[in-house]
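S.K.: Starting from the two chains in their separate frames, assemble the complex, guided by the hints.
Here the protein sequences come in this chain order: A and B.
Quick note: the first sequence uses our numbering, first residue 50, plus one each step.
Quick note: the second sequence uses our numbering, first residue 14, plus one each step.
The set of hints was computed from the structure by calculation and includes no laboratory data.
Warning: the hint list may mix true and false statements.
What the hints assert, rightly or not - Below, computed lysine to aspartate or glutamate pairings styled on EDC-like, alpha-carbon distance capped at 20 Å:
(1) B:Lys20 x A:Glu150
(2) A:Lys221 x B:Asp18
(3) B:Lys20 x A:Asp271
(4) A:Lys72 x A:Glu270
(5) B:Lys20 x A:Glu246
(6) A:Lys172 x A:Glu230
(7) A:Lys187 x A:Glu235
(8) A:Lys187 x A:Glu210
(9) A:Lys84 x A:Glu57
(10) B:Lys20 x A:Asp282
(11) B:Lys20 x A:Asp273
(12) B:Lys20 x A:Glu270
(13) B:Lys20 x A:Glu314
(14) B:Lys20 x A:Glu247
Everything numeric in this text was worked out from a predicted model, so none of it was measured.
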Amino acid sequence: MNVTAATEALVQAVNLSVSYGAKRAVDEVSFTIPKGRVVGLLGHNGAGKTTLMKAMVGLAKTQGQLSVLGLDPVRDRVALLQSACYIPDVAILPRWARVGELITLMSGLHPKFSAERARALLKRTSVGLNDKVKTLSKGMVAQAHLALIAAIDARLMILDEPTLGLDVLSRKSFYEMLIDEWCDGERSVLISTHQIEEIETLLSDVLMLNEGKLVLSLSLEDMDRRFVALSHDAAVADQMAAAHPLLRYRTGPGPGGNAAIFDGEPPADVQALGQRMRPSLVDLFVALTRKPELNRTQF
Amino acid sequence: MHTWDQKQPIYQQLADILLGRLIDGDPPEGEAMPSVRALASRYLINPLTVHRALQALGDNGLLESRRGLGMFVTTGAREKLRAAERERFLKQEWPRLQERLRRLGIGPEHLNWENPQ
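This is chain B alone, in the form it adopts within the complex (with noise of 0.2 Å):
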């Protein structure tokens, strides 16, 4: 079964995974998400706990719910997800990141840019 962690309400940590999926365009943009009862069973969360967490992606902009149809994922969505997470690492993660690679004396010359191994 998928563990949660104690930080973060269920409902949050399971947007943070559904943006996780958008952001590698699972589902691309225009498309359905999963239904409510679907993201339910497959987590194994209470149906109003799945309401919530994709009324917060829906607040973000990210998702917007067709009438009957259930929620789609926005134009633009994935971009602005990039976007905040580049914001979010250059903010956030690089500043950690150079410390480290500093304190372990490690410069560019040193890190492959090209394939990952």
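If we strip away everything but chain A, and leave its shape as in the complex, we get (with noise of 0.2 Å):
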């Protein structure tokens, strides 16, 4: 991520460690999060994602440096979530209560909190203002929670696995909003999912945890440059493989369907061996977590 933007990183992390009893959770890790960025945190289950987040809200003790908006999270927390929002994984809203009791809720609650905003945000959805929380679908209850926190003149949100559980359309519309509402070129939203080709091109950053260590911090716009997929035909699968990619893999059916990706440019005599691709978040993700056990060089 970008360190000249250091000055005005909205996270700030250096060797940070979370553990539980004898197991570190979150394993010396050091990134910062600009401002207006949409930041990835991608991981498999048990990688540390939500525990890093909940570090930065406040709600883990903490080893190493972290600054969240200038703050300490744990010390300076009722500070800190005036100016930082928080959907948990866990996150649900009261099922008794009517959409605009929240409203009303939030309002006694929150200093930033916008009443008026919140309205205009449910507006753009199907949910009303008198509907219960349990008459809600699931894709409903997920866009009422978005506009609450989002409602809130914060600079920075923190979405733990927001869309998980919801079908395709509720996802697009919970992202629609996001960007159309959220992301103003100075806020910031750090967003952990499963869905990665689904967020791909949303995404600014990416943070990737494998095992509570960071195996990749960058700028997507960075990560094109960096990274070199080819896509190449059976017949050269040895020789890409002699150049030690990163990963093989297929992309298709066919004696064509191989590719394979490399950290930097291969030596031209083996790019000129297949085509130059894009390469996807997915597959990278997949070449930096995937435990050595799993490591299949052959296809």
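M.R.: So, in structure tokens, the structure goes:
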């Protein structure tokens, strides 16, 4: 991520660790989140995504340095929560409440919450102010929840698997609202998800965790520059393998459906064996987070 | 959701989509392009990527930015695009098409030049 923007970084972590007993859930990670970014936090289940997000809002005891909006999340938690909003992976809205009542509740609880803005955001959705949460579909609850927290005049939004269990149309509406109503070039959002292919184009940056360690932290623009994917014919598979790609995989049926990802430009003679492709985030994710024993070299 | 191929960068693919629309006169010359945010939420693309796509069209002289108002389609943009597309068709597509027609034994008399069926 951009180092020159570090002065305007919303989040800065240096050698940050979070331990549960003897287990290090987050292990010495360092990264920054500048303003105006859409950052994807990727990792398998148990990689440390939720723990890292909890640490950012002061819900986990940390070692190393962590500054969020210039504050210490544990010590300055109350001040931090005025300018950072968070939907945890276990988020629920009270089932008995009407949406309008939740707006009233939020107005009383949060000094930077705008009831007017919440109502305007809800107009985008099919959720009515008189609807009870228990009558809403899962997709509508997610939208209502997003509307409620996007109505907080904050600078950082943290979403832990916000679209889990939603159908494709609900996920689309969710992200449309996020892009349209939240991303203004100043505010940033950190999203964890397993639907990598779906959000790849939304992201400006990616943080990839594997067993608590940060295996990748860069902008998507830099990703296109740094990693090279080559599609190639099965006939040159051995030569490709000899050039030590990060990963070899199938892109489709037939002998032409082979590809390899390289970290950095492979030699010209290797490049000449295949056709250059855009390295996809999901392929890179597989390449960087596979357990060694799963590392198949033969396809 | 829109699907993107793995052949080209996303901004390039978006630029191509926008080019196709400009050829059809959407939006017409002299009119404003949709805002970065509108395009970002329509195609579910990061605003920075949308900005890059618009910039690429600006570099080709098809769009111009008007201070505080956003990007506008330049005068002559459509004709310029059509000329470039014609050129591309004649140089790249036509030789391949011609070869295929020859192999199939299709002459001008077999082709419907009037209305698309």
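S.K.: Each hint: holds or not?
M.R.: Outcome of the hint check:
{"no.": "1", "hint": "B:Lys20 x A:Glu150", "result": "49 Å, violated"}
{"no.": "2", "hint": "A:Lys221 x B:Asp18", "result": "19 Å, holds"}
{"no.": "3", "hint": "B:Lys20 x A:Asp271", "result": "17 Å, holds"}
{"no.": "4", "hint": "A:Lys72 x A:Glu270", "result": "34 Å, violated"}
{"no.": "5", "hint": "B:Lys20 x A:Glu246", "result": "15 Å, holds"}
{"no.": "6", "hint": "A:Lys172 x A:Glu230", "result": "12 Å, holds"}
{"no.": "7", "hint": "A:Lys187 x A:Glu235", "result": "30 Å, violated"}
{"no.": "8", "hint": "A:Lys187 x A:Glu210", "result": "14 Å, holds"}
{"no.": "9", "hint": "A:Lys84 x A:Glu57", "result": "7 Å, holds"}
{"no.": "10", "hint": "B:Lys20 x A:Asp282", "result": "16 Å, holds"}
{"no.": "11", "hint": "B:Lys20 x A:Asp273", "result": "12 Å, holds"}
{"no.": "12", "hint": "B:Lys20 x A:Glu270", "result": "15 Å, holds"}
{"no.": "13", "hint": "B:Lys20 x A:Glu314", "result": "17 Å, holds"}
{"no.": "14", "hint": "B:Lys20 x A:Glu247", "result": "17 Å, holds"}
The structure fails hints 1, 4 and 7 (numbered hints given earlier, in ascending order).
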